[in-house]
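So the protein lines, in turn, are chains A and B.
In terms of our numbering, the first sequence opens at residue 458 and continues consecutively.
In terms of our numbering, the second sequence opens at residue 1276 and continues consecutively.
Source of the hints: derived by calculation from the structure; they are not laboratory data.
Accuracy of the hints is not assured; some may be wrong.
Unchecked claim - DSS-like mimics (lysine-lysine), calculated; alpha carbons at most 27 Å apart, straight line:
1) A:Lys588 to B:Lys1537
2) B:Lys1421 to A:Lys622
3) A:Lys622 to A:Lys670
4) B:Lys1427 to A:Lys576
5) B:Lys1421 to B:Lys1431
6) B:Lys1353 to B:Lys1537
7) B:Lys1421 to A:Lys588
8) B:Lys1394 to B:Lys1354
9) B:Lys1431 to B:Lys1394
10) B:Lys1353 to A:Lys588
11) A:Lys540 to A:Lys670
12) B:Lys1394 to A:Lys588
13) B:Lys1353 to A:Lys576
14) B:Lys1539 to B:Lys1353
15) B:Lys1427 to B:Lys1394
16) B:Lys1364 to B:Lys1421
17) A:Lys710 to A:Lys576
18) B:Lys1365 to A:Lys588
19) B:Lys1537 to B:Lys1364
20) B:Lys1355 to B:Lys1365
21) B:Lys1431 to B:Lys1365
22) B:Lys1364 to A:Lys588
23) B:Lys1421 to B:Lys1394
24) A:Lys540 to A:Lys588
25) B:Lys1354 to A:Lys622
26) B:Lys1354 to B:Lys1396
27) A:Lys622 to B:Lys1431
28) A:Lys588 to A:Lys576
29) B:Lys1455 to B:Lys1394
30) A:Lys576 to B:Lys1355
As the list claims (entries may be wrong) - Pair by pair, the computed Cβ-Cβ distance ranges are:
31) A:Glu552 to B:Ser1418: 34 to 40 Å
32) A:Ser548 to B:Trp1490: 43 to 49 Å
33) B:Asp1391 to A:Gly580: 32 to 38 Å
34) A:Pro571 to B:Lys1396: 29 to 35 Å
35) B:Glu1369 to A:Thr692: 49 to 55 Å
36) A:Gly580 to B:Lys1355: 43 to 49 Å
As the list claims (entries may be wrong) - Sample of chain B residues facing chain A (criterion: CB under 8 Å; computed from the structure):
37) Asn1406
38) Pro1408
39) Met1412
40) Tyr1429
For glycine and all other residues, C-beta sits at the position ideal for the given N, C-alpha and C.
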Amino acid sequence: MKSFSTLFHSFLIAAVMVVALSFTVPVQAGEPYSRNQVLAYIDQTYGQDMRVRRYRGDVVWSVAGNEDLSGDEIRAVFDAFDKLTPVSLRSGDGENVNLAIEYVNNVAFEAMTPRYRPKLQNGAADDAYIKTLSQVAEKRKNLVSIIEASDTDQSILSGFVLAEKHWAKRGTYMPPRRYLMKIVFLMLTDTKGEHLPQGSVQARAPDLAELTKLPAMDTALIHAVYTYDNWNQLTPAQAREQMARTMMSDLQKNGRGE
Amino acid sequence: MGRLFFKRLVKTCALIAVLTTTTTQTAWAESPYPREQVERHLRAMFTDLDSFIGLSEKNLPPKYFSHDLAGFDFFVGKKKIQAYFFGIKKEEIEPGRAILENLFSDILGISLSVVDPYKEKFDLIVYLSDNLPFDAMSPRYMSILKGNSTEKTYIKNLRSSEKPSTVYMTPRSLRDTGEKLSVVATERYMSEKTEIYSFAAQFRYTLFTALTGAWFSDIIQPSVVNRPETASLPDSFAPIDRAVLRVIFSHDDWSGLAYEPKMKLLTDRVMEQLSRNL
């Protein structure tokens, strides 16, 4: 069952990706990460509440309207995530899809139309819904997403994303593969996407280079999220410690942790 | 709050009706542009909609005659325009006020009154938006912009307006009482190119179009009606813009003329105005 507050909170992960953050990852690529750096990354990603969610069953995904990537390129992105998690990611269509991404010309506008509004607003008050959308409307460089989660164990049941189609249109730019990787990452981990390090796939536009693979810290995080089953039974402090321990172990295995 | 502040500021320049076209103080000179170029510029701005859409006035009810609804003389004869501006940001108040003063007081010589559209009558509403299709879906915009179209058609038009470089809507109408109403909704960021089209340039173009129905034209540059991606836009109303505005609003004999004689008369008068070097 989904709860309204949970869903609307999820909706608020709509990421405003216009202004580059001043935060920079203090470690150059290739250098090992310290535990404190991992903790800082976790805090930037999850904030104080440390609410960790994940899919439990298989992920059936669909992508519509992406004019920048070929079908093979899109599939390759999902295949890469498939290897990082114990759940299976496969493409599909129709009712079985539980991770749907639609690229549109104007996210905020489409989210106001009858085609998408009922799904995205999902019972939220009109004023709150429009106010939230107005934050993503200004520069049109955003995505809006909603995640349906289980009240029982906080696992992700389904996710839906409206993503901006033409990033180059108004001055800022997000490389298309990186943008898709970011969306998939956010949806698989239900991270907030608000205060994000530039060295991460979660970083905001502009001036981001294309990615060929997920950065080490993001890889460690998604490993950690999907390695542990019972995040909902942990306090925020316990979840933070569990996440840090698992991420450090993962980074050390790959020669990227102190 | 920004809206009230703007209203207050603009009211300070309201009801100013000083005609400034004092020919006795003016040096006469040659028009800076040949007649043929001026005519092409005017024809580009004020397209013959009848031929464009293949309709004849005979097939339309009288209140939809193009010279009333699509003509540049839509507001001619009005000594005062009552307007409201939605969406002005705090940092736009001062430049907006200066542009309005320049246009209505210095160029047109007619008064502008900024009104509360929920309480008073109005002739002109300008919406300035960061994302017009999004704002156009809000009740405040939709109640006026949608008009008689169905929601499906309205949304379809908004969706299609994503493709061209301009997102712009100008439903002009006659109320049941016969009063004229021009509603202009526009975006701050009109250019598909990376540079941002400035608020001042956008506001001047919006006002010019709201008052005259002009379309883009690049035939004479600089002009506020130049496309942002093809022109170096003027930092005020250009000589050609001032000439066109003054000519249109200082004559009240446009009504009833067919397109061709109307354009000839307009061209004659604009050439004369340009030669006054105002």
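Structure-based check of all given hints:
1. A:Lys588 to B:Lys1537: Violated: Lys588 (chain A) and Lys1537 (chain B) sit about 48 Å apart, past 27 Å.
2. B:Lys1421 to A:Lys622: holds (26 Å)
3. A:Lys622 to A:Lys670: holds (22 Å)
4. B:Lys1427 to A:Lys576: Distance of about 18 Å is within 27 Å: holds.
5. B:Lys1421 to B:Lys1431: Measuring from Cα to Cα gives roughly 12 Å; hence the hint holds.
6. B:Lys1353 to B:Lys1537: holds (19 Å)
7. B:Lys1421 to A:Lys588: Roughly 21 Å between the alpha carbons, so the hint for Lys1421 (chain B) and Lys588 (chain A) holds.
8. B:Lys1394 to B:Lys1354: Satisfied, since the Cα-Cα distance of roughly 21 Å is no more than 27 Å.
9. B:Lys1431 to B:Lys1394: Not OK: Lys1431 (chain B) and Lys1394 (chain B) at ~32 Å, beyond 27 Å, violated.
10. B:Lys1353 to A:Lys588: violated (39 Å)
11. A:Lys540 to A:Lys670: holds (12 Å)
12. B:Lys1394 to A:Lys588: holds (26 Å)
13. B:Lys1353 to A:Lys576: violated (48 Å)
14. B:Lys1539 to B:Lys1353: Holds: Lys1539 (chain B) and Lys1353 (chain B) sit about 23 Å apart, inside 27 Å.
15. B:Lys1427 to B:Lys1394: Measuring from Cα to Cα gives roughly 30 Å; hence the hint is violated.
16. B:Lys1364 to B:Lys1421: Holds, because 24 Å separates the two Cα atoms, which is no more than 27 Å.
17. A:Lys710 to A:Lys576: Not OK: Lys710 (chain A) and Lys576 (chain A) at ~42 Å, beyond 27 Å, violated.
18. B:Lys1365 to A:Lys588: holds (19 Å)
19. B:Lys1537 to B:Lys1364: Violated, at about 39 Å.
20. B:Lys1355 to B:Lys1365: holds (26 Å)
21. B:Lys1431 to B:Lys1365: Violated, because 32 Å separates the two Cα atoms, which is more than 27 Å.
22. B:Lys1364 to A:Lys588: holds (17 Å)
23. B:Lys1421 to B:Lys1394: holds (21 Å)
24. A:Lys540 to A:Lys588: It is violated: about 38 Å lies between the C-alpha atoms, which goes past 27 Å.
25. B:Lys1354 to A:Lys622: Answer violated: Lys1354 (chain B) to Lys622 (chain A) is near 47 Å, above 27 Å.
26. B:Lys1354 to B:Lys1396: holds (15 Å)
27. A:Lys622 to B:Lys1431: Holds - the C-alpha atoms of Lys1431 (chain B) and Lys622 (chain A) are around 18 Å apart, at most 27 Å.
28. A:Lys588 to A:Lys576: holds (17 Å)
29. B:Lys1455 to B:Lys1394: Between Lys1455 (chain B) and Lys1394 (chain B) the Cα gap is close to 17 Å, so the pair holds against 27 Å.
30. A:Lys576 to B:Lys1355: Distance ~47 Å between Lys576 (chain A) and Lys1355 (chain B) Cα, so the pair is violated.
31. A:Glu552 to B:Ser1418: 34 to 40 Å: Once the Cβ atoms are compared, 37 Å apart, the range 34 to 40 Å for Ser1418 (chain B) and Glu552 (chain A) holds.
32. A:Ser548 to B:Trp1490: 43 to 49 Å: With a Cβ separation near 46 Å, Ser548 (chain A) and Trp1490 (chain B) satisfy 43 to 49 Å, so the hint holds.
33. B:Asp1391 to A:Gly580: 32 to 38 Å: With a Cβ separation near 34 Å, Asp1391 (chain B) and Gly580 (chain A) satisfy 32 to 38 Å, so the hint holds.
34. A:Pro571 to B:Lys1396: 29 to 35 Å: holds (33 Å)
35. B:Glu1369 to A:Thr692: 49 to 55 Å: holds (53 Å)
36. A:Gly580 to B:Lys1355: 43 to 49 Å: holds (48 Å)
37. Asn1406: holds (4 Å)
38. Pro1408: Because about 4 Å separates Pro1408 (chain B) from the closest Cβ in chain A, which is inside the 8 Å limit, the hint holds.
39. Met1412: With a minimum Cβ separation of about 4 Å from chain A (threshold 8 Å), the hint on Met1412 (chain B) holds.
40. Tyr1429: Violated - the Cβ of Tyr1429 (chain B) stays beyond 8 Å from chain A, reaching only about 10 Å at its closest.
Of the numbered hints given earlier, the model fails hints 1, 9, 10, 13, 15, 17, 19, 21, 24, 25, 30 and 40; all others are met.
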